[in-house]
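Visitor: In case you want the letters, here they are:
Protein chains: 2
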Amino acid sequence: MTIESFLLKSEGEWKSMRSGHSLAFQQFEEVISQIKITILKLTNSKVSALLSSIPLQTGIPTTPFRMAWNAESDWEPDDPNQVSSGECILIPIKQSESNGLLIRSVGYAESEQAISKYKLLNDDTFTLSTEYGQSVAEERIWFISPNVRCRSSVLKTISGNGILQTSFSSEVRKLDLNG
Amino acid sequence: MTIESFLLKSEGEWKSMRSGHSLAFQQFEEVISQIKITILKLTNSKVSALLSSIPLQTGIPTTPFRMAWNAESDWEPDDPNQVSSGECILIPIKQSESNGLLIRSVGYAESEQAISKYKLLNDDTFTLSTEYGQSVAEERIWFISPNVRCRSSVLKTISGNGILQTSFSSEVRKLDLNG
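Which chain is which? The protein sequence lines are A and B, in order.
Position one of the first sequence corresponds to residue 272 (the working numbering), numbered consecutively onward.
Position one of the second sequence corresponds to residue 272 (the working numbering), numbered consecutively onward.
Watch out, some of these pointers could steer you wrong.
Any copy will do: because identical chains look the same in the list, a pair fits if it lies in one copy or spans two.
Subject to a maximum C-alpha distance of 30 Å in a straight line, what follows is the list of computed DSS-like cross-link-like pairs (lysine-lysine) [said to hold, decoys possible]:
#1 445 x 427
#2 280 x 390
#3 427 x 312
Worth flagging that the hints you see were computed from the coordinates, not collected in a lab.
Let the hints inform the model, and build the full structure from the sequences given.
Guide: What follows is the structure, encoded as structure tokens:
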């Protein structure tokens with residue numbers, strides 16, 4: 272598995288079930304969302320703009336993509352059907368066959384640019400580590416069939432072993448039955 | 272990481288938050304449970320009885336343990352506080368440093384003996400694959416800190432790519448504050 276083949280397998284529309292676990296309070300969060308992943312060209316103007324907005328990095332940009340999402344969360348008790356949506360541009364910068372950086376125009380946990388480190392494990396799991404201020408998010412994404420991906424994440428304090436929250440998503444490809 | 276050190280790290284009492292995803296119906300299940308893992312001796316009479324009840328396997332029995340659990344599920348709408356509990360004996364049979372079998376006196380998905388295959392990946396993830404009739408359960412367990420484990424599972428059809436359900440647990444060690 273290469274970063275390119277992993278992303279080509281990921282392209283398309285997905286329906287995601289996500290469970291969040293707040294460990295200190297033992298609270299569950301449930302979110303159903305739509306995710307759309309589209310591979311972009313390196314010549315795309317938003318891709319060039321993002322690349323030129325960050326300090327120069329060692330490595331080769333490859334397979335940029337757009338991720339758009341649309342979520343319904345149960346988190347806000349006053350507004351159970353609150354919908355949040357957004358999109359961002361992501362650009363892998365390959366530093367070896369299995370390692371590199373992932374530049375993201377907007378982060379998940381905070382609304383700012385992020386530079387993550389990625390690694391492809393030898394069982395084809397894609398891992399991502401991102402620092403946000405005083406915390407670190409560690410994600411794992413793996414395919415359990417061509418049309419089902421799993422994603423787990425852990426948010427921990429940067430200094431040590433404090434685990435703030437975990438989450439898990441099951442993502443099922445939306446098949447185009449008219450295709 | 273060896274199977275022995277993985278199990279020694281796992282010994283103790285854990286509080287588990289588990290989310291189940293039923294993919295076809297997009298239903299969430301939430302369960303909070305207590306789990307207690309106790310390492311047993313190979314000379315324990317229940318261990319010997321379990322070993323002699325199965326066909327002879329290639330490999331070396333090591334680090335048998337008891338797992339007891341006590342769960343509260345939200346699954347039954349009529350009885351939201353339904354409690355289910357149980358315990359089983361498990362015996363790893365080591366076939367190489369990273370591979371082997373796990374004999375279990377009672378399975379999770381069905382109430383019968385099970386023989387699983389385990390593997391320790393090079394990032395210290397413990398994986399388990401168990402066949403139950405027409406389905407296969409694949410589990411992954413990994414430590415994200417000395418006192419927090421994550422566990423993901425996938426139940427799929429034995430014949431191919433049909434994914435029946437997924438689940439994810441965050442397990443936090445219950446510390447003995449009296450010391």
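Visitor: Under a CA distance limit of 30 Å, which applies to residue 427 and residue 312: within one copy, between copies, both, or neither?
Guide: Neither: 34 Å inside a copy, 36 Å across copies.
Visitor: Check residue 445 against residue 427 for me: Cα-Cα at most 30 Å, and say if that holds within a copy, between copies, both or neither.
Guide: Result: close only across copies, 18 Å inter versus 32 Å intra.
Visitor: Checking residue 280 and residue 390: alpha-carbon separation at most 30 Å within a copy, between copies, both or neither?
Guide: Both: 17 Å inside a chain and 26 Å across chains, each within 30 Å.
Hint check: a violation occurs at hint 3 only; the rest are consistent with the structure.
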